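Student: Produce the entire structure from the sequences given, and follow the hints as far as they go.
Start counting the sequence shown at 1; every next residue gets the next number (UniProt numbering).
Just so you know, these hints were derived from the structure itself, not from any lab. Small disclaimer: the values here were computed from a predicted structure and weren't measured.
What follows is a set of in silico ranges between Cβ atoms, one per label pair, in the way DEER data are often shown: (1) E310 <-> D149: 24 to 30 Å; (2) P201 <-> P344: 32 to 38 Å; (3) A230 <-> Q315: 26 to 32 Å; (4) K239 <-> R162: 16 to 22 Å; (5) R236 <-> R339: 34 to 40 Å; (6) G294 <-> S233: 37 to 43 Å; (7) N158 <-> T295: 41 to 47 Å.
Here are the simulated DMTMM-like cross-link-like pairs (lysine to aspartate or glutamate), alpha carbons at most 20 Å apart as the crow flies: (8) K297 <-> D320; (9) K239 <-> D149; (10) K239 <-> D207; (11) K314 <-> E272.
In this text, a Cβ means the ideal position worked out from N, Cα and C, and glycines have one as well.
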Amino acid sequence: MLLGHAKHWFSRLRSGASHKLKALQDLGFTGDIVVIPKEPGTREASQVQTINLKDLTALIMVEAVQGNKRAIVLQETFAQKGLDSRFRDAFEVQQQTSDEKRGFFGLTYRESLEALAENRTELEDLRHRRIMIQTQTIPQTIPKTVTFDEFAAWYPENSIRRYELHHGVIVEMPLGTGNHSNVTGFIWGEINFEIRRLQLPYSIPGDCLLKPIRNEAGYQPDTIVLNQTAFASEPRWEKESIITMGSSVRLAVEVVSTNWRDDYHLKFADYEEMGIPEYWIVDYLGLGGRKFIGTPKQPTLSVCQLVDGEYQVKQFRGSDTVESLAFPELRLTAELIFRAGLPPTEPS
Numbered sequence: 001m002l003l004g005h006a007k008h009w010f011s012r013l014r015s016g017a018s019h020k021l022k023a024l025q026d027l028g029f030t031g032d033i034v035v036i037p038k039e040p041g042t043r044e045a046s047q048v049q050t051i052n053l054k055d056l057t058a059l060i061m062v063e064a065v066q067g068n069k070r071a072i073v074l075q076e077t078f079a080q081k082g083l084d085s086r087f088r089d090a091f092e093v094q095q096q097t098s099d100e101k102r103g104f105f106g107l108t109y110r111e112s113l114e115a116l117a118e119n120r121t122e123l124e125d126l127r128h129r130r131i132m133i134q135t136q137t138i139p140q141t142i143p144k145t146v147t148f149d150e151f152a153a154w155y156p157e158n159s160i161r162r163y164e165l166h167h168g169v170i171v172e173m174p175l176g177t178g179n180h181s182n183v184t185g186f187i188w189g190e191i192n193f194e195i196r197r198l199q200l201p202y203s204i205p206g207d208c209l210l211k212p213i214r215n216e217a218g219y220q221p222d223t224i225v226l227n228q229t230a231f232a233s234e235p236r237w238e239k240e241s242i243i244t245m246g247s248s249v250r251l252a253v254e255v256v257s258t259n260w261r262d263d264y265h266l267k268f269a270d271y272e273e274m275g276i277p278e279y280w281i282v283d284y285l286g287l288g289g290r291k292f293i294g295t296p297k298q299p300t301l302s303v304c305q306l307v308d309g310e311y312q313v314k315q316f317r318g319s320d321t322v323e324s325l326a327f328p329e330l331r332l333t334a335e336l337i338f339r340a341g342l343p344p345t346e347p348s
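Tutor: In structure tokens, the structure reads:
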């Protein structure tokens with residue numbers, strides 16, 4: 001009886017849901033959807049009802065109104081690898097990317113969702129997903145998103161942890177592995193050497209927060225090269241180490257880890273919109289979706305260069321020499337960069 005009621009409720013929810021939920025349905029996503037109606041003013045669920053769907057690989061925030069009820073998809077519990085709700089933010093595709101408009105890496109909205117669903121080799125079990133849908137009366141308070149200014153004011157001083165703002169939610173970034181840090185450090189060292197060799201007016205700051213055009217995002221790239229001559233035009237640099245203009249950035253670098261969706265989706269779109277002229281996605285373990293790095297998946301360095309306001313992507317593997325607009329004399333192969341992330345071998 002409860003299951004039948006839940007199916008009826010969900011069918012009503014679907015009729016008023018956003019295009020994001022429709023895209024999920026079109027793709028045939030299934031899994032466990034747990035409907036938790038809540039009594040007004042209480043925290044206890046009055047009943048729990050389950051609908052069996054299949055293979056829901058990541059979370060989309062969805063809001064729909066039915067009568068006096070407001071439903072919000074709150075959280076997905078991942079069964080493997082300790083993944084948690086921070087991936088909600090990586091998965092939510094920007095609303096302005098519609099089925100007609102091509103967005104991330106030239107993909108449509110639907111294709112972006114399909115790309116996100118491709119991470120099946122990294123997750124051993126995709127058949128026991130659970131989404132919690134909580135219903136509330138409309139007068140109840142909906143959780144408030146955080147603006148960039150609120151995020152910047154909140155940011156802990158001298159914190160050893162890194163935080164970013166994704167879709168208005170503060171996300172604690174996972175600590176990188178030693179190999180991830182080695183790749184980041186290697187790139188930092190090579191680029192810094194090139195800056196000093198050519199006596200360029202560039203710098204690589206220890207701390208820097210990027211403010212995209214959207215007010216609900218804030219990023220800290222693994223490596224960022226700034227044009228010092230642009231600092232005078234940056235209203236928040238001197239006091240807050242905040243960069244607001246893409247023209248102040250010569251190069252942004254992200255070294256891919258398990259949260260690869262952030263690099264290929266969120267940051268790709270926001271860095272492009274900011275006008276950052278060059279963006280490297282260093283996928284030294286080949287973790288990204290197949291739509292981005294091909295089949296079979298292999299270590300890939302994607303160099304995104306701004307042409308007429310849109311990123312054009314070139315990819316480098318193995319002995320390919322990386323081509324950089326910011327550093328045209330740089331002589332680095334993709335393999336040399338990736339090797340920095342490999343465990344050391346015993347000398348023969």
